[in-house]
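Chemist: The primary structure of each chain is shown beneath.
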Amino acid sequence: MNTDLLAIALLAGAANWAFRVLPTLARTDRLTPGGLLERFLSATGPAAIATLFVAAVLPELSGGKGWPLPFVVGTLVVLAAWGTTRSVVIATLAGAVLHGATVWALG
Amino acid sequence: MTGTRPPLADGLIAGLPIVLGYFPIAFSFGVAATRAGFTGLEAFALSAIIYAGASQFLALALLTSGAPVLVSAFTLIAMNLRHVLYGPALMKAAGRGATTRRAWAWAFGLTDEVFGQALGALARGQSFSEGYMFGLGIGAYASWLAGTAVGALAGGGALDGWPAVSAGLGFMLPALFLALLLSILSRRQVPVIVIAGAATVAGTLALSSTSGILLGMLAGAAAGVVRR
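Protein sequence lines, in the order shown, are assigned to chains A and B. Mapping of the first sequence onto our numbering: residues 1 to 107, in sequence order. Mapping of the second sequence onto our numbering: residues 108 to 335, in sequence order.
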């Protein structure tokens, strides 16, 4: 085992554990009813999901070739499936399947 | 997050899109690691210990470029700083009575996708359960490890003959984030979402994708503080 790799993995892994676990255990949400921190934390979730969605689709849209058809189809299917089923699981799977099917159909 | 099934099973089922989305990414990581000259065991160790996709790919680049250990480690640590926001935001949504007795274990699994899925479930009115969090996290972690192992064993080009499958699997995470965004969407959240999205685009184009993600989250959360 490469010792540099192991050292980097252990340092980064320990930090990841601390970043994810310690703020959860700290229960800062209980300390600030109605305060700035409470509003900040309430908005963090929607902001994070919006950010991650944009970050996930940017590489596909930044090639300068417009919106690729499989992306458009997949996105529309997610919207339609969510609208009809209100299920995150079904909407996600349907979008991915139709995205792949469009790639297959386009050859 | 409790329904008719045990919470653990509920979490495992709700995590299915994450499981399917993680496998091909981890598979790519296993392939990239072995291509970079690392053994399958080393690739697996990176996935098991760090468990953060983008920073694992960066770790490969840093290690192969000969960057000093401490510089590499702090670069990876900085990349994952955004995760400090997830636990408090999740527990805020879970409510003051939610327990965190076993958070030392399940919270390690609070990746971007697990956090988003858990938050979406709470926004849809489910109640918080540590069992559900374990279910979400275990499926995702197992998929990440399995994908890495299979990718390291398969080597390069395993999905080259299946472009449609590869494309569909690649769209799994954008589709998941879009579905999660729809599940939490409300008029009240629109300014937060718009500002977060715009800041992500600006940060990514001007600086880097990592900076864009951090800026987007902070700008969106700050918008939540200033709105009436």
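To be clear, the hints were calculated from the coordinates, so they are not data collected in a lab. Mixed in with the good hints there might be a few duds.
Examples of chain B residues lying across from chain A (beta carbon under 7 Å, computed) [claimed, not checked]:
#, residue
1, S172
2, V178
3, V191
4, F215
5, L260
6, D267
7, G327
Chain B stretches covered by chain A per the calculated footprint, using a threshold of three residues with CB under 8 Å from any CB of chain A [as the list claims (entries may be wrong)]:
#, stretch
8, 131 to 141
9, 150 to 163
10, 193 to 205
11, 281 to 294
12, 314 to 323
Using N, Cα and C, we set each Cβ at its ideal position, and we do this for glycine too.
Chemist: Look at each hint and say if it fits the structure.
Modeler: To see whether the hints hold, each was checked on the structure:
no.	hint	verdict
1	S172	violated (12 Å)
2	V178	violated (10 Å)
3	V191	holds (5 Å)
4	F215	holds (5 Å)
5	L260	violated (18 Å)
6	D267	violated (14 Å)
7	G327	holds (2 Å)
8	131 to 141	violated (count 0)
9	150 to 163	holds (count 7)
10	193 to 205	holds (count 9)
11	281 to 294	holds (count 11)
12	314 to 323	holds (count 4)
Checked against the numbered hints given earlier, this structure breaks hints 1, 2, 5, 6, 8; the rest are met.
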